[in-house]
Structures are given as C-alpha cells and as structure tokens.
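My request is simple: use the sequences and hints to build the entire structure.
Protein sequence lines, in the order shown, are assigned to chains G and R.
Residue numbering for the first sequence follows my numbering, beginning at 5 and increasing consecutively.
Residue numbering for the second sequence follows my numbering, beginning at 10 and increasing consecutively.
Check before you lean on any hint, since a few could be wrong.
If you want the ones that stay clear, here's a sample from chain G, every Cβ over 12 Å from chain R, calculated [as the list claims (entries may be wrong)]: (1) Ile16; (2) Glu18; (3) Gln21; (4) Pro22; (5) Ala71; (6) Glu72; (7) Glu87.
With a straight-line Cα cutoff of 16 Å, these simulated EDC-like cross-link-like pairs (lysine to aspartate or glutamate) come out [claimed, not checked]: (8) R:Lys113 to G:Glu54; (9) R:Lys51 to R:Asp94; (10) R:Lys113 to G:Asp61; (11) R:Lys67 to G:Glu105; (12) R:Lys113 to G:Asp60.
Honestly, the hints are just simulated from the structure, not real lab data.
Cβ coordinates follow ideal geometry from the N, Cα and C atoms, glycine included.
Listed here are the chains, written in short residue letters.
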Amino acid sequence: EAGVVQSPRYKIIEKKQPVAFWCNPISGHNTLYWYLQNLGQGPELLIRYENEEAVDDSQLPKDRFSAERLKGVDSTLKIQPAELGDSAVYLCASTPSRVGELFFGEGSRLTVL
Amino acid sequence: AQSVTQLDSHVSVSEGTPVLLRCNYSSSYSPSLFWYVQHPNKGLQLLLKYTSAATLVKGINGFEAEFKKSETSFHLTKPSAHMSDAAEYFCVVSFNAGGTSYGKLTFGQGTILTVHP
Chain G
5 EAGVVQSPRY
15 KIIEKKQPVA
25 FWCNPISGHN
35 TLYWYLQNLG
45 QGPELLIRYE
55 NEEAVDDSQL
65 PKDRFSAERL
75 KGVDSTLKIQ
85 PAELGDSAVY
95 LCASTPSRVG
105 ELFFGEGSRL
115 TVL
Chain R
10 AQSVTQLDSH
20 VSVSEGTPVL
30 LRCNYSSSYS
40 PSLFWYVQHP
50 NKGLQLLLKY
60 TSAATLVKGI
70 NGFEAEFKKS
80 ETSFHLTKPS
90 AHMSDAAEYF
100 CVVSFNAGGT
110 SYGKLTFGQG
120 TILTVHP
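Shown next as structure tokens:
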C-alpha cells in the first residue's frame, strides 16, 4: 500500500515568490492534515480537512496561505507571497478516522532566501 | 484547552541501557495519547497509542508507555536502547470530545534521543 506522497521534497525560492505543495493521501483516508514544522519544534496544525471540507483552519495565515482539497482526495497548500519566516517543513498527513493514527508523508522542506 | 509537555529536549543513553522519555499532558476531556518517532529527513511514524483501553501500551521496536491519569503522564520507555533508536520523539494528545476540536492533535516540542555505543 502506498503511503502519503508529498511533492516537492525540497524547494528553494526567493522571498515574495509563490510556492505550492502537493499531497496525495492514502487511498480511502477521508481526513487530511497540513502541518508546519519549524526546526527544533513539534508540528503545528495549519488546516484539517474532512473530505472536501476544511473543518479546522483557525491557524492558517489566510493573508498569504491557501489550501484546497478538490474531490476530497489530493490537496494543495499555497503560499503567496512567501516570507523569510516561512522557511520550514510542511507535513501532510491522512487518517481514515478523526481520532486515531495519522500517517505522515516525508514532508516538503521550504527555504526562502 | 489541551496541551502536552515533553520534559526533556535531549536525552542521551548508552546502547543497551534503559530509555525514559517523559511526557505530561493537559486535557479537559478523556484524551487519546500517542508517541511518534521521526528519523532525520523522514516522516513521522507512530510508535504506540493509548485510546482508553489498557493503561500499559506496547508499541513497535520494544517501546511501551503507561498512561497514568492521576499524574497526567504518558512516559515512553524501552528496556534496552539500540543505536537505531536515535531519533526525535514526539508525544501527542488528541481530544475525544465533540465539537470542531474533535480529532485535533497537539504535539509536544519533541525529545531528541542520542544513543552512544
């Protein structure tokens, strides 16, 4: 069974440029998460989807961040424009239920210069 | 509100000696608790989980954790460390109540485990 797939694994951009990350969850997993992980810290939730619906986006900086999950499968996280402080690892995770084990992708490491 | 505190940012042990990674939580409702491990440049992997069944939970790779409600703790242990255990470990708490916070996971800051030969 394929795991959670994220791309790109690494991205280097200049500040004020846009960037997008893509996530393909495990087949059949209705709940999808995007987390932000800064160096030396635990992951912090950005947004949680149940199928197509964003059920918790309270910590998503909506002035520059956006996300979508069309058809309740793949998801895209976008930053526009990127700032120096956005340098971090962006993790995607999925689960078949709202409470239980999360399956994580390997993350997308963003460096903003 | 729920929170989780990992009491040690770094733990260093010798190979073959016991491992103890400490975690305390705060939750207004009956929590689910998890330990995840993250090896360098890899995704997080579930080690074990507590979801209101047996208080002593066994996980993969010889790890186990005990849920102690009176102490609001969920410490992770292993009798004998192996070099391959060197990684970062995260304690995680999840709400089990209703509302929009249902299923929201809160991660601790992580504990880096170093294993010396």
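Worksheet item: Quick check: which numbered hints come out false for this structure?
Response: none
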